[in-house]
Structures are given as structure tokens and as C-alpha cells.
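**Q** Sequence:
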Amino acid sequence: MRKIVRLKNKMIAEKRAKKLSKEHARNLRRQERLASA
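FYI, in UniProt numbering the residues of the sequence shown are 1 to 37.
Among the hints, a few may not be true.
[Said to hold, decoys possible] Pairwise CB distance ranges (calculated): (1) ALA37 - ILE12: 48 to 58 angstroms; (2) MET1 - SER36: 31 to 41 angstroms; (3) SER36 - LYS3: 30 to 40 angstroms; (4) ILE4 - ALA37: 28 to 38 angstroms; (5) ARG33 - ASN9: 32 to 42 angstroms; (6) LEU34 - ARG2: 24 to 34 angstroms; (7) ALA37 - LEU7: 38 to 48 angstroms; (8) GLU32 - LYS10: 27 to 37 angstroms; (9) VAL5 - ALA37: 30 to 40 angstroms; (10) ALA35 - GLU14: 27 to 37 angstroms; (11) SER36 - ARG2: 46 to 56 angstroms.
Derived from the structure by calculation, the hints contain no laboratory data. Bear in mind that the values here come from a model prediction, so they are computed numbers and not experimental data. Quick reminder that beta carbons are idealized off the backbone N, C-alpha and C, glycines included.
Please model the complete structure; the sequences and the hints are all you need to start from.
**A** Right, dumping it as C-alpha cells:
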């Protein structure tokens, strides 16, 4: 049981990290656009 919970938590953490990195990349792009404009 505990192993399954740990795997589930790991998947959730990876999903959250992927979402965060995607938002971070979007913010970086926006900043670059503002800097070049």
C-alpha cells in the first residue's frame, strides 16, 4: 500500500513540476518580449 501511495505522490509531484516549468518558460518568454520591445 505505502509503495503505491509513494508512486502516486511522485507522479503528482512530477506533474506539478512540469506545469511549473511550463509556466516559468512562458513567463521568461514574456519578459524577453517586453525587454526587446
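**Q** Taking the Cβ atom of ARG33 and the Cβ atom of ASN9, is their distance within the range 32 to 42 angstroms?
**A** holds, 36 angstroms
**Q** Using the beta carbons of GLU32 and LYS10, state whether their distance is inside 27 to 37 angstroms or not.
**A** holds, 33 angstroms
**Q** Holds or violated: the 48 to 58 angstroms window for the beta-carbon distance between ALA37 and ILE12?
**A** violated, 38 angstroms
**Q** Kindly confirm whether 28 to 38 angstroms is satisfied by the beta carbon distance between ILE4 and ALA37.
**A** Since ILE4 and ALA37 have Cβ atoms about 50 angstroms apart, the given range 28 to 38 angstroms is violated.
**Q** Please test the hint of 31 to 41 angstroms on the beta carbon pair from MET1 and SER36.
**A** violated, 53 angstroms
**Q** Between the beta carbons of ALA35 and GLU14, is the distance compatible with 27 to 37 angstroms?
**A** holds, 31 angstroms
**Q** For the range 30 to 40 angstroms, tell me whether the beta carbons of VAL5 and ALA37 fit it or not.
**A** violated, 48 angstroms
**Q** CB of ALA37 to CB of LEU7, is that within 38 to 48 angstroms?
**A** holds, 45 angstroms
**Q** Given a hint of 46 to 56 angstroms, does the C-beta separation of SER36 and ARG2 actually sit inside it?
**A** holds, 51 angstroms
**Q** Measuring from beta carbon to beta carbon, are LEU34 and ARG2 in 24 to 34 angstroms?
**A** Taking Cβ atoms as reference, LEU34 and ARG2 lie about 47 angstroms apart, which means the hint is violated.
**Q** Cβ-Cβ distance between SER36 and LYS3: within 30 to 40 angstroms?
**A** Cβ of SER36 to Cβ of LYS3: about 49 angstroms, so the range 30 to 40 angstroms is violated.
The structure does not agree with the numbered hints 1, 2, 3, 4, 6 and 9 stated previously, though it agrees with the rest.
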